[in-house]
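Line by line, the protein sequences give chains A and B. According to the numbering used here, the stretch in the first sequence is residues 3 to 532, in order. According to the numbering used here, the stretch in the second sequence is residues 3 to 532, in order.
Source of the hints: derived by calculation from the structure; they are not laboratory data. Keep in mind the model is a prediction, meaning the values are calculated, not measured. There could be a bad hint or two in this list.
[What the hints assert, rightly or not] Simulated restraints on C-beta separations: (1) B:Glu442 x A:Glu227: 29 to 37 Å; (2) B:Arg411 x A:Gln258: 47 to 55 Å; (3) B:Asp369 x A:Ile523: 48 to 56 Å; (4) A:Arg202 x B:Gly491: 55 to 63 Å; (5) B:Val420 x A:Asn216: 35 to 43 Å; (6) A:Asp449 x B:Ala248: 52 to 60 Å; (7) A:Gly494 x B:Ser119: 33 to 41 Å.
[To be verified] Which residues of chain A face chain B? A partial, calculated answer using Cβ under 7 Å: (8) Arg173; (9) Pro188; (10) Asp275; (11) Leu280; (12) Gln495; (13) Cys512.
[As the list claims (entries may be wrong)] Within a straight-line C-alpha distance of at most 20 Å, the following computed EDC-like cross-link-like pairs (lysine to aspartate or glutamate) qualify: (14) A:Lys256 x B:Asp356; (15) A:Lys113 x B:Glu227; (16) A:Lys256 x B:Asp359; (17) B:Lys113 x A:Asp243; (18) B:Lys256 x A:Asp356; (19) A:Lys113 x B:Asp243.
We put the beta carbon where it would ideally sit given N, CA and C, even for glycine.
2 protein chains.
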Amino acid sequence: MEGVALTMSTTPISTITPISHASSLTDIPANTNPSYMTVALAPGDGIGPEIMHAVLFILDKAGVSKYMSFQPVEAGASVFAKGETRGVTDAALTAIESCGLLLKGPMETPKGSGGKSINVTLRKLFNAYANLRTFRTLPGVNTVYSKAGINIDMTVVRENIEDTYGGVEHRLSNDMIQCKRLISAPGSDQLCRYAFKTARALGINKVYCGHKANIMKMTDGLFLERFRAAARDFPEIEAGDVIVDALCMNLVMKPQQYKMLVLPNLQGDIVSDLCAGLVGGLGFAPSANIGNEISIFEAVHGTAPDIAGKGIANPTSLLLSSLMLLRHVGLKQQAAHIENALLVTLESGIHTGDFGDTSKPSVGTMDFAKAIADRLGQTPKTVPAVVVSTEQQDGDMCYTRPARPSGPRMIRTFKNIVTSVVGCDVYLDTPHSPVALAEEMKRACQDTPFKLSLISNRGTQVWPTGSVYTECVDYYRVRFELKDGISAGTIGQSRTIALLDRIAEGFTVCSYELLRNFDGIRGFSLAQGQ
Amino acid sequence: MEGVALTMSTTPISTITPISHASSLTDIPANTNPSYMTVALAPGDGIGPEIMHAVLFILDKAGVSKYMSFQPVEAGASVFAKGETRGVTDAALTAIESCGLLLKGPMETPKGSGGKSINVTLRKLFNAYANLRTFRTLPGVNTVYSKAGINIDMTVVRENIEDTYGGVEHRLSNDMIQCKRLISAPGSDQLCRYAFKTARALGINKVYCGHKANIMKMTDGLFLERFRAAARDFPEIEAGDVIVDALCMNLVMKPQQYKMLVLPNLQGDIVSDLCAGLVGGLGFAPSANIGNEISIFEAVHGTAPDIAGKGIANPTSLLLSSLMLLRHVGLKQQAAHIENALLVTLESGIHTGDFGDTSKPSVGTMDFAKAIADRLGQTPKTVPAVVVSTEQQDGDMCYTRPARPSGPRMIRTFKNIVTSVVGCDVYLDTPHSPVALAEEMKRACQDTPFKLSLISNRGTQVWPTGSVYTECVDYYRVRFELKDGISAGTIGQSRTIALLDRIAEGFTVCSYELLRNFDGIRGFSLAQGQ
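Please put together the full structure from these sequences, using the hints given.
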């Protein structure tokens, strides 16, 4: 990081503390002074160091060094090369923890070496549950939408922990693999509340929830319900919802109709990259991963090894990510100041080689940065300037790193709910026909409190009725429910496990779920056709 | 369907046969003559009947009645009104079965009445496993892409049965709901093979698989592997793959780079609606649901009740869907003939009220249809005409309804695989801390062949190591694996169920999975951090 103008902390973080329950970080000096902070800095691989250099140069010229210094940490290719499969050293993790803030350039995940994505590792490790991304039409960045005169100014809040991203996958038979899609009430709560709080801070008056609750009725139904619950605490903000496939069509046809979107993980991943495309690609789209204690601000584009070291890379995405950092800690005016200078620069036609008017010569990374620094204090003419309202100025520059938790915490939404066992779903690895399987299952539950209520295959009922056209794979779900006359709650799970045991004498039971009512409401979906 | 010019079958389908295992349809006369066929016809609700009328008028003028007649069937609002929650009568289902082909207008799903989507019902019932959608830039249909001079000609093949669309959902604790995402090898096989066969028929030389195998490594990894396996049988067609989020960004920035995409269900749902947006919306995007026996051709736009009966609706989507039907049965030249007339009509600026040059007056539905009929035999000048190559003409008009299966069939990919039990995952509904839970679990497995190997929460490892920042919900996964010295395959599942039984003495076991190796390869993912 030679030549970085901002003050670097020179005292190394002394104690290397592994991230585990047994450890504790006490008396870390950084970021307990609300008017001056240290930010961990991981320049990244490929073009990372040169665009980071350009960004720090601009921040310094804008006077940000009065409020923050940067502490370089070791992460990325050099760490992977030492055989550390996380791609980040213990010392780096400790420094990030002590700061509570990380500004991060693009990093490679080496293929085939067992190395894991640093982005995913850091998000999980620090429980950065919300991915915040903003998408704004920039002057001089030509896209099909800018050519059509469509102005985009949109924020996407994506859930970052749950959904299928838990990576809980099992091969359940020769031919069937399952991935668990998990949606929790408290996880949805904190994400949606964060979205509304952010909308409030940004002066956004309508937030849409994107979801697929018409198909995933229970999981996305829960996400949507918690979105609506959160909305009730923000009465000044309108709350709408839209099915994700329709949303993507609308985004392509009329993106200007949305100001803020909040979505579950996979759908949010897809939608946020779609939105990046609307404004010119990942090179113009910043990103932040927000946690309760630690937040990560990063460029999500690649490391562009083909142009690394040439001094021609475009620092815009990383610069915009650093402005998210400034806004996160209350430096809203400084962020607006820099963003306006960027807009003026782009408006004047100055561009790096990857975008802009190709009939005009492009400039290098540092000349682009200097052009922005030279324009600090100016406001754009062709697009609206970024203005910080008096109201938004409240709470200026007041960041204190939250205390380190002593261990994993429980987050909860629903308590004091009465559950009652009503049956079980048993999943079998078998090539039986539905009818033959039904005979065996009826026998298995004969002397139990349960009756066979349905058999389904890939979600479609195949017994007691079904379609002759259904194609079955070697993985069945068999549902047992209480016999008529036996009330919910009068028997316990030991009876379902006894049934499971009996079935396992003749079949491979690859999976099982307890069927319960929660406060009298059925806690499971019906099969298609049931 | 008054005034429909095409021949209607006057003999009603005599036997109403419920779709069930016990039933059989024998000697159904329809569609065993390869040169003349009957197509079941469901005009739909709202604008459905009037756009269907227009489409049948055009088909008739193009001489299609030499090859096919239409058999009206009862489905939609009138059937829901009678209290039939499927929205389709048994007689209609029998007629569709006997034809093997259904042309369908838009239909409503009444809200809150317990009624189910007819589209979903029919797809499941008839195992229409592939959703085929084509997206083509049409002259006179202004979009941001047409204005930018970007020509789109793309086909999307979406899996229609699996993924989270099986709707298998369970509430596993107060705060956690799960949806099973299921991907099977034979389901992926038949979908991918259908995509390549379609690419071959359409003369498309490159097919991309869209997926999220970087996150859902086992499920989408399987889908991608089966895509590659299918590709080997089509050596003249190039096979590529792209991560779905990057795909959506690329589609927005440079859609012309793709000719055909094949995707799992949810991702395909999102991507295909995105693509509809690129060409002007659902009003210009046809759809077909293809099964081995029965295929459904439909407009996927809404019923537009606000303009129903006014004779102003746009029949383009349904017309294009009917052309997919013609191509499906080998009437490629007739389809090209009609499509060229549509292109000439649009090129001349004729338009219904929902699109086109608003400075020119719009025409009604039937005048639009007549304008197309008047232009049969012409070819467009501003866009490439649709040409049927000599090669593609092979196999002209040769549709025979496949035999009705006698019952559900097994589809299989992997056989003769040796599996061995190596442990189990047990999922608990508990508010314990990870450390306290670990103590209990270690005790539970003390005298068993298993050791506690990890505890995770929402996919993130919390024991034996973990991050203090992890936020836990009331739903844990506890993994037990064979103790050192015990070989895979030497113990059976009865031991894992015995362990389950012991755990259930003190905890609510909401879910369970058997851990196995398949031909020595681990059949389950590791936890984040494991």
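Outcome of the hint check:
Judged by the Cβ atoms, the range 29 to 37 Å given for B:Glu442 and A:Glu227 holds: they are separated by roughly 32 Å. The supplied range of 47 to 55 Å is met by B:Arg411 and A:Gln258, whose beta-carbon atoms lie about 50 Å from each other. B:Asp369 and A:Ile523 have their C-beta atoms about 54 Å apart, which keeps the hinted 48 to 56 Å range intact. Against the hinted window of 55 to 63 Å, the Cβ-Cβ separation of A:Arg202 and B:Gly491 comes to about 58 Å, which satisfies the hint.
Between B:Val420 and A:Asn216 the Cβ separation comes to about 42 Å, which falls inside the hinted range of 35 to 43 Å. Hint check: A:Asp449 to B:Ala248, Cβ distance near 56 Å, so the stated range 52 to 60 Å holds. Under the hint 33 to 41 Å, the C-beta atoms of A:Gly494 and B:Ser119, about 38 Å apart, fit the expected range. The restraint placing A:Arg173 at the interface with chain B holds, with a minimum CB-CB distance near 3 Å, inside the 7 Å limit.
About 6 Å separates the beta-carbon of A:Pro188 from the nearest beta-carbon of chain B, less than 7 Å, and the hint is met. Because the beta carbon of A:Asp275 sits about 4 Å from the nearest beta carbon in chain B, less than 7 Å, this interface hint is met. With a cut of 7 Å, the hint placing A:Leu280 at the interface with chain B holds, because the nearest CB-to-CB distance is about 6 Å. A least Cβ separation of about 5 Å between A:Gln495 and chain B falls short of the 7 Å threshold, and the interface hint therefore holds.
A least Cβ separation of about 5 Å between A:Cys512 and chain B falls short of the 7 Å threshold, and the interface hint therefore holds. A threshold of 20 Å between alpha carbons decides the hint, and for A:Lys256 with B:Asp356 the separation of about 15 Å falls inside it, so the pair holds. Pair hint A:Lys113 plus B:Glu227 holds up; C-alpha atoms about 18 Å apart against a cutoff of 20 Å. Annotation: proposed proximity of A:Lys256 to B:Asp359 holds, straight-line Cα distance about 18 Å (limit 20 Å).
Pair hint B:Lys113 plus A:Asp243 holds up; C-alpha atoms about 17 Å apart against a cutoff of 20 Å. For a cut-off of 20 Å, the pair hint linking B:Lys256 to A:Asp356 stands: about 15 Å separates their Cα positions. Taking the CA atoms of A:Lys113 and B:Asp243, the gap is about 17 Å. The hint holds against a cut of 20 Å.
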